[in-house]
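Colleague: Chain residues, written in single-letter form:
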Amino acid sequence: MGVGDVIAEFGGVYVSSLLSTWLMTIICFLGGLALGVLVTVMRVSPIKPLRVVGDFYVQLFRNIPTISLLVIFVYALPYLGLLLDYRTCLIACIILVVSSFASENFMSGINAIGVGQIEAARSVGLSFVQIVRLIVIPQALRTTVLPMTNLLIATLLTTAIGSQVPLTPPELTGMVNYVNSRSVAGISAFVVSAICYAGTALVIGYLGNKLDKRVRIVR
Amino acid sequence: MAADNTAIIQMHHVDKHYGELHVLQDINLDVQKGEVVVLIGPSGSGKSTLCRTINRLETIDSGEILFEGKPLPEEGKELAAYRAEIGMVFQSFNLFAHKSILDNVTLGPREVLGTPKAEAEMEAMELLARVGVAEQAHKVPAQLSGGQQQRVAIARSLAMHPKAMLFDEPTSALDPEMINEVLEVMVELAQEGMTMVVVTHEMSFARRVSNRVVFMADGQIMEEGTPDEFFDHPKTERAKDFLDSIRGH
Ligand SMILES: Nc1ncnc2c1ncn2[C@@H]1O[C@H](COP(=O)(O)OP(=O)(O)OP(=O)(O)O)[C@@H](O)[C@H]1O
Ligand SMILES: [Mg+2]
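For the protein sequence lines, the chains are U and G, in the order given. Mapping of the first sequence onto the numbering used here: position 72 corresponds to residue 82, and the numbering continues sequentially without gaps. Mapping of the second sequence onto the numbering used here: position 13 corresponds to residue 1281, and the numbering continues sequentially without gaps.
One thing to keep in mind: the hints can contain errors.
Lysine to any residue pairs mimicking SDA-like chemistry, simulated, CA-CA at most 25 Å apart [unchecked claim]:
{"no.": "1", "chain 1": "U", "residue 1": "58", "chain 2": "G", "residue 2": "1410"}
{"no.": "2", "chain 1": "G", "residue 1": "1367", "chain 2": "U", "residue 2": "128"}
{"no.": "3", "chain 1": "G", "residue 1": "1338", "chain 2": "U", "residue 2": "137"}
{"no.": "4", "chain 1": "G", "residue 1": "1367", "chain 2": "U", "residue 2": "129"}
{"no.": "5", "chain 1": "G", "residue 1": "1338", "chain 2": "G", "residue 2": "1283"}
{"no.": "6", "chain 1": "G", "residue 1": "1385", "chain 2": "U", "residue 2": "139"}
{"no.": "7", "chain 1": "U", "residue 1": "223", "chain 2": "G", "residue 2": "1368"}
{"no.": "8", "chain 1": "U", "residue 1": "220", "chain 2": "G", "residue 2": "1367"}
{"no.": "9", "chain 1": "G", "residue 1": "1407", "chain 2": "U", "residue 2": "148"}
{"no.": "10", "chain 1": "G", "residue 1": "1431", "chain 2": "G", "residue 2": "1344"}
{"no.": "11", "chain 1": "G", "residue 1": "1407", "chain 2": "U", "residue 2": "143"}
{"no.": "12", "chain 1": "U", "residue 1": "223", "chain 2": "G", "residue 2": "1385"}
{"no.": "13", "chain 1": "G", "residue 1": "1367", "chain 2": "U", "residue 2": "51"}
{"no.": "14", "chain 1": "G", "residue 1": "1407", "chain 2": "U", "residue 2": "200"}
{"no.": "15", "chain 1": "G", "residue 1": "1367", "chain 2": "U", "residue 2": "227"}
{"no.": "16", "chain 1": "G", "residue 1": "1301", "chain 2": "G", "residue 2": "1285"}
{"no.": "17", "chain 1": "U", "residue 1": "223", "chain 2": "G", "residue 2": "1408"}
{"no.": "18", "chain 1": "G", "residue 1": "1367", "chain 2": "U", "residue 2": "121"}
{"no.": "19", "chain 1": "G", "residue 1": "1367", "chain 2": "U", "residue 2": "58"}
{"no.": "20", "chain 1": "G", "residue 1": "1407", "chain 2": "U", "residue 2": "144"}
{"no.": "21", "chain 1": "U", "residue 1": "220", "chain 2": "G", "residue 2": "1345"}
{"no.": "22", "chain 1": "G", "residue 1": "1508", "chain 2": "G", "residue 2": "1491"}
{"no.": "23", "chain 1": "G", "residue 1": "1345", "chain 2": "U", "residue 2": "57"}
{"no.": "24", "chain 1": "U", "residue 1": "58", "chain 2": "G", "residue 2": "1326"}
{"no.": "25", "chain 1": "G", "residue 1": "1367", "chain 2": "U", "residue 2": "123"}
{"no.": "26", "chain 1": "U", "residue 1": "58", "chain 2": "G", "residue 2": "1324"}
{"no.": "27", "chain 1": "U", "residue 1": "223", "chain 2": "G", "residue 2": "1278"}
{"no.": "28", "chain 1": "G", "residue 1": "1508", "chain 2": "G", "residue 2": "1316"}
{"no.": "29", "chain 1": "G", "residue 1": "1338", "chain 2": "G", "residue 2": "1278"}
{"no.": "30", "chain 1": "G", "residue 1": "1407", "chain 2": "U", "residue 2": "151"}
{"no.": "31", "chain 1": "G", "residue 1": "1345", "chain 2": "U", "residue 2": "140"}
{"no.": "32", "chain 1": "G", "residue 1": "1385", "chain 2": "U", "residue 2": "227"}
{"no.": "33", "chain 1": "G", "residue 1": "1367", "chain 2": "U", "residue 2": "225"}
{"no.": "34", "chain 1": "U", "residue 1": "58", "chain 2": "G", "residue 2": "1285"}
Please keep in mind that the hints were generated in silico from the structure rather than gathered at the bench.
This is chain U alone, in the form it adopts within the complex (with noise of 0.2 Å):
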């Protein structure tokens, strides 16, 4: 079967899946910015358990691979009486993974302000929740784009883990099994997957690219 014919015949369900890998990246993403920006703060706070707890954070899932945080997630939370099914098993895990990058990505974004605007922010009276709110956050969003960029396109690239548990729709990756499963596509079926999977990443880049040149701070 030529990838023609993979299209003719399973172009609706790609469709479907190819929906579904942008659905969970975006929630994953998202997902992992907001949980991101949590542990961020918590890792310059004033309060030291607060920054050792935050370290850690990181250290941890940043240093899992996804893959095996997904095979904890499905097999052992059952045990702890902990149900979940296996798309937000899935989604959860990577959630743990992107929010630790994306703090790493934070703090060097943070670290590039420089103390002497956080201390002007302070002899002005600002509290510590308004500078990490209107000089912290902003400024670490802006020249974090690109690095931000790459991270989106890694963790859409992550979902493909999704293959490894049963999800309807299945997700890109996982749609080459299904394909297989149902006729001899063999390597065609894996090429309209990665087809999608480098379109997609080929916009994000662009799109990310033109967002750093308008946000980008001029030093």
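Position chain G with the ligands against the provided structure of chain U, taking the given hints into account.
Modeller: Quick look at chain G with the ligands alone, frame taken from chain U:
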């Protein structure tokens, strides 16, 4: 008790260490309302540290610092509110890089004092005009020269209606041709009666407007006097050597 004391800033027996380094040693310094005190001394003598303890950007190990007769708040809301009353101008300007010049000046009043936007902007424009950078209001800091940025930093402090202002080498990072435009603004402030503590080696500024020059070395106040006394007849050897070195002898 000390009802007759009009000193707005009082430092009594202040000590501070950085690890082994005794960076402030038994500092006693009173600054009267409206007084302009110049801090001078060799690099590493503790001038910046002293200046920064006054708005508690640095904590102290022992002794006490009073502002308007009251000990400085230690932390939290009270400390933030206290800092809002003290302006601080840094060597490296430290403008908020992602905000326009106008927003740099209005941020404090709007967020800390709760001034409505329109009112804050009107006052900010007046201040920017006063320091001579009104035309730059809608640019971002990186588009301004160092001298312009420092004048904006002064306007940003003034927007909070501070009761006193601290300057830590405000002209040291500037190209020579920009030093005067910043000093002019500071001279005006001094003449209007602002209480100022200024770390600077600009003798012309010290002579023109300061009431007192305080000479520091090795974490101690070695001597103090009127600018003419100090520059023309320094008492200690350390001060004489230091003055020779900055005069290029
Ligand atoms: N955060 C810090 N940790 C450790 N040592 C410090 C710290 N800040 C300053 N020091 C040391 O304290 C001493 C006094 O520093 P300070 O910046 O107050 O000197 P200064 O008189 O302002 O010097 P300069 O003219 O170079 O600005 C120096 O030896 C400096 O290295
Ligand atoms: Mg200094």
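Colleague: Against this structure, judge whether each hint is valid.
Modeller: Taking the hints in turn, this is what the structure says about them:
no., hint, verdict
1, 58/U to 1410/G, "34 Å, violated"
2, 1367/G to 128/U, "14 Å, holds"
3, 1338/G to 137/U, "21 Å, holds"
4, 1367/G to 129/U, "16 Å, holds"
5, 1338/G to 1283/G, "19 Å, holds"
6, 1385/G to 139/U, "21 Å, holds"
7, 223/U to 1368/G, "17 Å, holds"
8, 220/U to 1367/G, "20 Å, holds"
9, 1407/G to 148/U, "18 Å, holds"
10, 1431/G to 1344/G, "20 Å, holds"
11, 1407/G to 143/U, "22 Å, holds"
12, 223/U to 1385/G, "29 Å, violated"
13, 1367/G to 51/U, "21 Å, holds"
14, 1407/G to 200/U, "51 Å, violated"
15, 1367/G to 227/U, "9 Å, holds"
16, 1301/G to 1285/G, "29 Å, violated"
17, 223/U to 1408/G, "15 Å, holds"
18, 1367/G to 121/U, "18 Å, holds"
19, 1367/G to 58/U, "30 Å, violated"
20, 1407/G to 144/U, "18 Å, holds"
21, 220/U to 1345/G, "40 Å, violated"
22, 1508/G to 1491/G, "11 Å, holds"
23, 1345/G to 57/U, "16 Å, holds"
24, 58/U to 1326/G, "18 Å, holds"
25, 1367/G to 123/U, "13 Å, holds"
26, 58/U to 1324/G, "20 Å, holds"
27, 223/U to 1278/G, "50 Å, violated"
28, 1508/G to 1316/G, "21 Å, holds"
29, 1338/G to 1278/G, "9 Å, holds"
30, 1407/G to 151/U, "20 Å, holds"
31, 1345/G to 140/U, "11 Å, holds"
32, 1385/G to 227/U, "24 Å, holds"
33, 1367/G to 225/U, "11 Å, holds"
34, 58/U to 1285/G, "22 Å, holds"
The structure fails to meet hints 1, 12, 14, 16, 19, 21 and 27 from the earlier list, while all remaining hints are met.
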